[in-house]
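Chains as they are written, first to last, in the working numbering: chain E, 1 to 373; chain U, 1 to 285.
Careful: at least some of the hints might be erroneous.
No farther apart than 35 angstroms at their CA atoms in a straight line, the calculated lysine-lysine pairs in the DSBU-like style are these [what the hints assert, rightly or not]:
1. U:Lys137 to E:Lys126
2. E:Lys126 to U:Lys116
3. E:Lys274 to U:Lys79
4. U:Lys116 to U:Lys137
5. E:Lys274 to U:Lys259
6. U:Lys121 to U:Lys133
7. E:Lys274 to E:Lys319
8. U:Lys121 to E:Lys274
9. E:Lys319 to U:Lys121
10. E:Lys319 to E:Lys126
11. U:Lys116 to U:Lys133
12. U:Lys235 to U:Lys17
13. U:Lys259 to U:Lys235
14. E:Lys319 to U:Lys116
15. E:Lys126 to U:Lys235
Note that these hints are calculated values from the structure, not bench results.
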Amino acid sequence: MTERIMTISSAWISSAVTSVAGATAQLRSTLGKPVVGTVLIYCLLPLLFVVSLFIGRYDVVPMHVIELLAAPVVNLLPEEIAHIYPVWTAAEENVIYQIRLPRVVAAVLVGAGLSMAGAAYQGLFKNPLVSPDILGVASGAGFGAALAILLSWNMAMIQISAFGFGILAVTITYLLSRFYRTTPTLILVLSGIIVAAFFTALISLTKYVADPYEKLPAITFWLMGSLASVRYSDLLMIVPFFLAATVALLLIRWRINLLAVGDDEARALGIDTKRMAQVIILCSTLITASAVCIAGIIGWVGLVVPHLGRMLVGPDYSKLLPACLLLGACYMLIIDDLARMLTSAEIPLGILTAIIGAPFFAYLLSRRSVGWI
Amino acid sequence: MDMILDVQQAGFRYDLKQMIFSEISFSLAEQEVLCILGPNGIGKSTLIRCLANLNPLCAGSIRLHDRDVRSLNHRDVAKIVGYVPQAHEIVFPFPVREFVLMGRAPHLELFSSPGKDDFAKADEAIDLVGIRKIADKPVNEISGGEYQLAMIARALAQEPEVLLLDEPTSHLDFGNQIRVLEIIDRLASNGLSVIMSSHFPDHAFLTSNNVAIMQHGSFMAYGLAEDVVTEENLKQTYGVEVSITYSHDVERQVCVPHKSGQCRCRDPHHPECLGAPVIVANTAK
């Protein structure tokens with residue numbers, strides 16, 4: 001009976017997988033040539049970056065924002081050539097440099113990182129339905145943060161605990177998968193599900209024992225994700241991991257194509273698939289754990305953006321990974337802008353990414369008649 | 001003659017219980033086509049995977065140009081041996097050209113992407129198997145025959161000396177089967193050595209020099225097609241009666257299975273088939 005259910009569910013998954021990939025291909029052809037898409041992506045990010053600095057509760061004169069941004073660069077030149085004299089208020093400078101800039105940079109890093117990690121995992125697992133937390137990193141990090149909040153640790157310790165438990169969860173997943181000697185990628189996913197379930201239960205336990213007036217809301221809000229309190233010190237902590245992992249993924253990006261086609265074929269083409277898998281898992285885990293530890297759990301970005309990328313530039317990872325980097329950054333900037341603008345109180349990011357991401361994904365699925373409905 | 005591939009006493013098992021095959025020895029010369037026949041599940045695919053260095057042997061040795069494959073890394077082997085697996089589903093819609101381009105991987109450094117030369121070699125391989133028309137189509141939208149050709153093109157882009165094909169004609173219609181075999185034939189006369197497995201004894205006569213029949217975990221027979229593909233051997237391997245005769249129309253040996261039971265042709269020129277079915281003599285079982 002169990003075996004039967006397994007067969008049915010695997011058929012179900014594979015048909016879902018095919019239909020998503022097919023829908024992506026279809027949409028891609030309707031959106032036109034890859035070149036147009038690439039140009040579009042590259043222009044969008046700088047624009048959104050500046051626009052995002054305009055947005056917020058505190059009104060800053062838009063011209064002042066541009067002057068503030070330009071001043072440090074322009075004022076490096078000799079005063080006779082060009083100089084920007086401060087016309088802005090101290091409060092404006094404070095809001096732009098101390099609050100909005102780190103927040104916008106964090107949105108760029110988190111969006112770009114999660115999208116690249118998601119795309120790399122989708123290739124590694126040959127499955128377009130995979131997201132960066134497939135190996136349990138988000139659940140582990142969530143538990144780390146919840147535990148730290150419960151124990152009244154300070155903000156830095158919460159982040160370190162989240163990061164550490166995120167890495168720990170993936171390490172357990174990886175070691176668990178080594179016990180079984182069957183299809184390596186399939187067993188990795190299953191181990192990931194096991195570990196994620198375990199840490200999710202631990203999160204629930206932490207919430208259950210937490211003080212319902214102070215700690216429980218803090219844990220809950222942390223888990224929903226937010227960039228509101230990001231400071232430069234947070235950025236400094238995660239940037240080294242982000243940069244190292246991003247560069248590593250970009251360097252091996254063409255070879256992810258071979259993994260996406262099949263393990264055996266990749267090995268027959270001379271690829272050390274085990275080493276490749278380890279590198280991808282390490283990079284994606286570092287990126288995701290860093291993202292979660294400063295921003296909380298933000299779902300859907302790593303799942304949806306790679307599909308957007310495939311629509312625009314095709315499935316080839318040498319183009320897809322840079323596209324995901326830029327698109328993910330744009331997507332996260334838009335989401336974070338909406339989080340700030342929509343209501344007077346901030347909407348947690350995890351809620352918005354799902355509210356926008358889920359219908360979009362449903363739309364992707366609806367593009368092709370699905371066999372199992 | 002210089003042997004490209006030399007297999008001695010090869011044996012393999014997945015677990016400690018049972019050998020999949022053992023004591024297999026053969027060698028492959030330049031331009032030689034070896035066809036491996038045998039019933040389902042006998043280990044033909046496993047043997048080919050071992051030859052492609054995907055599964056390490058448990059016994060014996062495989063030597064490429066007189067060097068043991070165990071002393072070579074995957075990339076070095078991939079420069080000599082091209083592997084065409086059985087067709088399987090691909091999730092992501094890679095265009096055929098990009099798919100073929102992946103064959104260049106063993107010739108690229110770890111952090112590099114394919115360059116102009118690699119694209120040219122991929123296009124060459126695409127032309128060699130004649131799939132230029134579909135070069136921009138996604139691999140998951142082309143037909144089974146085209147996909148098989150795309151996989152062969154990818155292996156050719158590898159510029160190997162030996163091509164291993166795991167049942168290249170399974171799942172293909174009659175016309176595509178013959179087309180794939182013709183391409184294999186052409187590649188062999190261009191200097192490539194080929195090992196392929198097949199379910200059709202007739203394919204052995206169509207393309208190969210040597211044939212091996214795999215049975216009970218070893219080669220039951222190995223040698224020239226005419227000597228190995230005999231009525232007796234096929235009866236023993238597949239448990240069915242066949243006739244092997246020389247056809248003057250096609251100028252080669254052909255292998256035709258006997259029919260068990262009743263003839264249904266109802267051809268007016270065969271009076272014995274008209275109306276009441278007749279039991280054909282020499283029936284199996």
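Going down the list of hints, with the structure as the test:
The straight-line distance between the Cα atoms of U:Lys137 and E:Lys126 is roughly 20 angstroms, inside the 35 angstroms bound, and the hint therefore holds. With a CA separation close to 28 angstroms, the supplied pair E:Lys126 and U:Lys116 stays within the 35 angstroms bound. Distance hint between E:Lys274 and U:Lys79 is fulfilled; the C-alpha atoms sit about 20 angstroms from each other, no more than 35 angstroms. For the suggested pair U:Lys116 and U:Lys137, the alpha carbons sit about 21 angstroms apart, so the restraint of at most 35 angstroms is met.
In summary, the hint linking E:Lys274 to U:Lys259 is not supported, as the alpha carbons are separated by about 50 angstroms, beyond the 35 angstroms threshold. A distance of roughly 17 angstroms separates the Cα atoms of U:Lys121 and U:Lys133; the hinted pair therefore holds under the 35 angstroms criterion. For a cut-off of 35 angstroms, the pair hint linking E:Lys274 to E:Lys319 stands: about 24 angstroms separates their Cα positions. Proposed proximity of U:Lys121 and E:Lys274 is supported: the alpha carbons are some 28 angstroms apart, at most 35 angstroms.
Proposed proximity of E:Lys319 and U:Lys121 is supported: the alpha carbons are some 21 angstroms apart, at most 35 angstroms. A hinted pair counts as satisfied when its Cα atoms are at most 35 angstroms apart, and E:Lys319 with E:Lys126 qualifies at roughly 18 angstroms. At most 35 angstroms may separate the alpha-carbon atoms for a hinted pair to count; U:Lys116 and U:Lys133 meet this at roughly 21 angstroms. The straight-line distance between the Cα atoms of U:Lys235 and U:Lys17 is roughly 29 angstroms, inside the 35 angstroms bound, and the hint therefore holds.
Between the alpha carbons of U:Lys259 and U:Lys235 the distance comes to roughly 13 angstroms, so the proposed pair stays at or under 35 angstroms and holds. Note on E:Lys319 and U:Lys116: the hinted pairing holds, with a Cα-Cα distance of about 16 angstroms set against a maximum of 35 angstroms. A C-alpha spacing of about 42 angstroms is found between E:Lys126 and U:Lys235, which places the hinted pair above 35 angstroms, so the restraint is violated.
Of the numbered hints stated above, those contradicted by the structure are hints 5 and 15, listed in ascending order.
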